[in-house]
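Novice: When you get a sec, could you build the whole thing from the sequences and use the hints?
Protein chains in written order, with my numbering: chain Y, 1071 to 1312; chain A, 6 to 236; chain U, 54 to 297.
Rather than coming from a laboratory, the hints here were simulated on the basis of the structure.
One thing to keep in mind: the hints can contain errors.
What the hints assert, rightly or not - So the derived label-pair ranges between C-beta atoms look like this:
hint, chain 1, residue 1, chain 2, residue 2, range
1, U, Lys152, A, Phe11, 17 to 25 Å
2, Y, Ala1236, U, Thr203, 28 to 36 Å
3, U, Thr203, Y, Ile1309, 39 to 47 Å
4, Y, Gly1138, A, Asn230, 33 to 41 Å
5, U, Leu115, Y, Gly1256, 33 to 41 Å
6, U, Val96, Y, Glu1181, 30 to 38 Å
7, A, Val221, Y, Ser1307, 47 to 55 Å
8, A, Phe157, Y, Val1173, 46 to 54 Å
9, A, Leu92, U, Thr71, 49 to 57 Å
10, U, Leu202, A, Asn230, 25 to 33 Å
Claimed, not checked - With a Cα cut of at most 27 Å, we get these calculated DSS-like pairs of lysine-lysine:
hint, chain 1, residue 1, chain 2, residue 2
11, U, Lys189, Y, Lys1174
12, U, Lys152, A, Lys192
13, Y, Lys1271, Y, Lys1115
14, Y, Lys1139, Y, Lys1088
15, Y, Lys1095, Y, Lys1271
16, Y, Lys1096, Y, Lys1186
17, Y, Lys1139, Y, Lys1174
18, Y, Lys1115, Y, Lys1308
19, U, Lys189, Y, Lys1177
20, Y, Lys1073, Y, Lys1095
21, Y, Lys1088, U, Lys152
22, Y, Lys1139, U, Lys189
23, Y, Lys1115, Y, Lys1139
24, Y, Lys1192, Y, Lys1177
25, U, Lys189, Y, Lys1202
26, Y, Lys1115, Y, Lys1095
27, Y, Lys1115, U, Lys189
28, Y, Lys1088, Y, Lys1073
29, Y, Lys1186, Y, Lys1174
30, Y, Lys1202, Y, Lys1174
Each residue gets a CB set at the ideal place from its N, CA and C atoms; glycine is no exception.
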Amino acid sequence: MIKIENISKHYGPFQVLKNCSTEVKKGEVVVVCGPSGSGKSTLIKCVNALEPIQSGSISVDGTSVTDGKINLPRLRSRVGMVFQHFELFPHMSITENLAIAQVKVLKRSREEAMCKAQGLLKRVGLQAHAHKHPGQLSGGQQQRVAIARALAMDPICMLFDEPTSALDPEMVNEVLDVMVELAEEGMTMMCVTHEMGFARKVANRVIFMDQGEIIEDRNSQEFFDSPESDRAQQFLSKILTH
Amino acid sequence: MQNLDFSVVLNALPYLAQGMLFTLQVTAVAMIGGIIFGTLLALARLSQLVWLRSLAGAYVNLMRSIPLILAIFWIFFLVPEIVAWLLGSPEPVQVGTTKTAFIAFTIFEAAYFCEVIRAGIQSVAKGQSAAGQAVGFTYVQNMRYVILPQAFRAMIPVLLTQVIILFQDTSLLYVISATDFLGAASKVAQRDSRLVEFYTFVAIVYFVICFTLSKVVRRYQSRLNRSSANA
Amino acid sequence: MSFNFDVYLQQSPEPGMTYIGLLGSGLAWTVALALSAWIIALVMGTLVGVARTLPYPWLVRLGNGYVELFRNIPLLVQLFLFYFVLPELLPTDLGDWIKSFGAPWGPFFTAMIVLGLFTSGRISEQVRAGINSLAKGQRAAALAMGMTLTQAYRYVLLPMAGRRIIPPLTSEFMTIFKNSSVALTIGVIELTAQAQQMNEFTFRTYEAFGAATLIYVLVALTVNRLMAMIERASYIPGTATQER
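Specialist: Right under this line is the structure:
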């Protein structure tokens, strides 16, 4: 579904991604982890071309992302993304947040969009707040709305950029529960996260990155039981002793 | 395109330089006077005494509501009257364009400087004032050693920008036929019927000066941001 | 220092007009000038401000150049450039056509355009700052959902930025209102000009300038009240408590 081939990226003189390659098959859940500055957030933002790359190629469901001629908005409408800081649109109600892209990008009718929005809000447990604005909700609630907003577009795969890092601890689980459900339903997911419990539970594979390089890319069971590289071992020991 | 002749500008340079000198004098006096008076106004607006706060507030709001041209007209009329009243003279006393211009711009711009300074003072963390008091400073000492130095350091770019605005505002002395830079250029231009050449020259000079100054201010500002980020 | 209200009702040299009528006509010219220039300023300012936030470096530089041009030359000098210099620099036919506009419309339209463009530079600064003050994530989120850049600006960035810049826009409107007085130098008989004329005819300076001052202050108060109402009407629930 997602193919990343030999991509490299620079910010000025600083190389952020060094020759990274990996693949996410349909229905797979891949977790990307690593110390801060490892480039994991940048990697995931390259998949829907929010960040440009200088070399290599990326394709989603057979369509190249890096080819200059493709219709990026159309491609992005099929790839769902959830951000660390939720990024709900504050001037719209949460129902409107879910509906607007359906209407303006997918050209659905307003009734259809609203219906879908309500269904999704129910699914994430927030239908009671449908008329509220994002500012009136807690962080965990906002992130669940953000997931619903991405799902409203009927995406073929979902990208998560540290979805729980900005949440207070007591709200992390409500968001992870939604993500686990999604995984169990067979959604293709690529997820940057520190939540190793989540990774252990649903991830098929784990990618460990450090300083712009993919150090390990293995079956998640094997990764957690016996990480091959020293850096991965160090990283895991720091995280898991929490 | 009529026949342009910029040599007339060259010939008039000494006279224009005099005009520019006057412009710079007014700017300098209004800058210093305006900042001093503006600081006093800012302190007054932040004071605990209600009557002082209201008085200063009313003054600042009044000055900021009226056009500078109207303020110039007012002050050029009032100064002779007030001086006459002070000196007990029956007739308005002629004070002269220069001094009146100094007074007018100081009084007017002080209101604008006041708002910049007030914001600067309020941006200094409350804890600073408390720390000063805890050490035993009086209000004046606190202001002098703790608050104002920090406030001014942060405000210098904004103050300088206001000075650049002041520099441009002095061109309005034209309305009382003063011989500032624009006034001088205008007089020669009308005498020689060379409006195009002179006004173009004036625009270019103003542009070069203001653009350079604002670049300097911006460089200073980024140096300030960098050093405060490390603090 | 005696204040005499009767002077307002005196007949002025203008046939059939009292002084208060003259002041009223001055106010009308001021309002007309300020409002029409304001529209130009808003349109141009928004266009240039948005252009300066787009991912096209040449466009950003063009926008920056536009702002620098209008910001580093005094308004009065710009007015003279437009009124005296520009018609001479254009091809003769165009220049003559412009010069054929007699008072009061020639000076009025010139002042309107100059004031509008001058203020548009300042407004573009507010717009640019407003858009950039939004977290970068908002743009990313809109694009990630498949919106085009235009849609992202239209539905997400501009609505939020618009609300944020209401306070600075208020002060910009007051500034344009005050700056309109500059037009008196090319013959627009706006409020300050009328006050000065009244002073010259009646020698009642306090009454003449006092009336103009009062009117400007009242306008300032009204505009502030109006903008506070607009701010309240556009309030987004939850904004006050939202931390980022």
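Novice: Look at each hint and say if it fits the structure.
Specialist: Hint-by-hint comparison with the structure:
The beta-carbon spacing between U/Lys152 and A/Phe11, approximately 22 Å, falls within the hinted interval of 17 to 25 Å. Taken as a hint, the range 28 to 36 Å holds for the pair Y/Ala1236 and U/Thr203, whose Cβ atoms sit roughly 29 Å apart. One distance hint, 39 to 47 Å for the beta-carbon pair U/Thr203 and Y/Ile1309, holds here, with the actual separation near 43 Å. Evaluation of the 33 to 41 Å hint for Y/Gly1138 and A/Asn230 yields a pass: the beta carbon distance comes to about 37 Å.
Between U/Leu115 and Y/Gly1256 the beta carbons are some 50 Å apart, a value that contradicts the proposed interval 33 to 41 Å. A C-beta distance of roughly 36 Å is found between U/Val96 and Y/Glu1181, which places it inside the suggested range of 30 to 38 Å. Take A/Val221 and Y/Ser1307: their Cβ atoms lie about 53 Å apart, and the range 47 to 55 Å holds. At about 53 Å, the beta-carbon gap between A/Phe157 and Y/Val1173 stays in the expected band of 46 to 54 Å.
The supplied range of 49 to 57 Å is broken by A/Leu92 and U/Thr71, whose beta-carbon atoms lie about 37 Å from each other. Taking 25 to 33 Å as the suggested C-beta distance range, the pair U/Leu202 and A/Asn230 conforms, at roughly 30 Å. Proposed proximity of U/Lys189 and Y/Lys1174 is supported: the alpha carbons are some 21 Å apart, at most 27 Å. A hinted pair counts as satisfied when its Cα atoms are at most 27 Å apart, and U/Lys152 with A/Lys192 qualifies at roughly 22 Å.
Restraint check: the Cα-Cα separation between Y/Lys1271 and Y/Lys1115 comes to about 24 Å, which is no more than 27 Å; the hinted pair holds. Restraint check: the Cα-Cα separation between Y/Lys1139 and Y/Lys1088 comes to about 25 Å, which is no more than 27 Å; the hinted pair holds. Using a Cα cut-off of 27 Å, the hinted pair Y/Lys1095 and Y/Lys1271 holds, with the two alpha carbons roughly 18 Å apart. Simply put, Y/Lys1096 and Y/Lys1186 have alpha-carbon atoms about 24 Å apart, close enough for the 27 Å limit, and the pair holds.
Simply put, Y/Lys1139 and Y/Lys1174 have alpha-carbon atoms about 22 Å apart, close enough for the 27 Å limit, and the pair holds. Taking the CA atoms of Y/Lys1115 and Y/Lys1308, the gap is about 26 Å. The hint holds against a cut of 27 Å. This hinted pair checks out: U/Lys189 and Y/Lys1177 have alpha carbons roughly 26 Å apart, not beyond 27 Å. Distance hint between Y/Lys1073 and Y/Lys1095 is fulfilled; the C-alpha atoms sit about 8 Å from each other, no more than 27 Å.
Restraint check: the Cα-Cα separation between Y/Lys1088 and U/Lys152 comes to about 65 Å, which exceeds 27 Å; the hinted pair is violated. Of the pairs offered as hints, the one joining Y/Lys1139 and U/Lys189 holds, with about 25 Å between alpha carbons and a cut-off of 27 Å not exceeded. Under the criterion of a C-alpha separation no larger than 27 Å, the hint pairing Y/Lys1115 with Y/Lys1139 is consistent with the structure, at around 19 Å. Distance hint between Y/Lys1192 and Y/Lys1177 is fulfilled; the C-alpha atoms sit about 23 Å from each other, no more than 27 Å.
With a C-alpha separation of about 23 Å, the suggested pairing of U/Lys189 with Y/Lys1202 holds against the 27 Å cut-off. A C-alpha spacing of about 18 Å is found between Y/Lys1115 and Y/Lys1095, which places the hinted pair at or below 27 Å, so the restraint holds. Of the pairs offered as hints, the one joining Y/Lys1115 and U/Lys189 holds, with about 13 Å between alpha carbons and a cut-off of 27 Å not exceeded. The hinted pair formed by Y/Lys1088 and Y/Lys1073 meets the criterion: a straight-line CA distance of about 16 Å does not exceed 27 Å.
The hinted pair formed by Y/Lys1186 and Y/Lys1174 meets the criterion: a straight-line CA distance of about 15 Å does not exceed 27 Å. Only pairs whose Cα atoms come within 27 Å are accepted, and Y/Lys1202 paired with Y/Lys1174 is accepted, the gap being roughly 21 Å.
When each numbered hint is compared with the structure, violations occur for hints 5, 9, 21.
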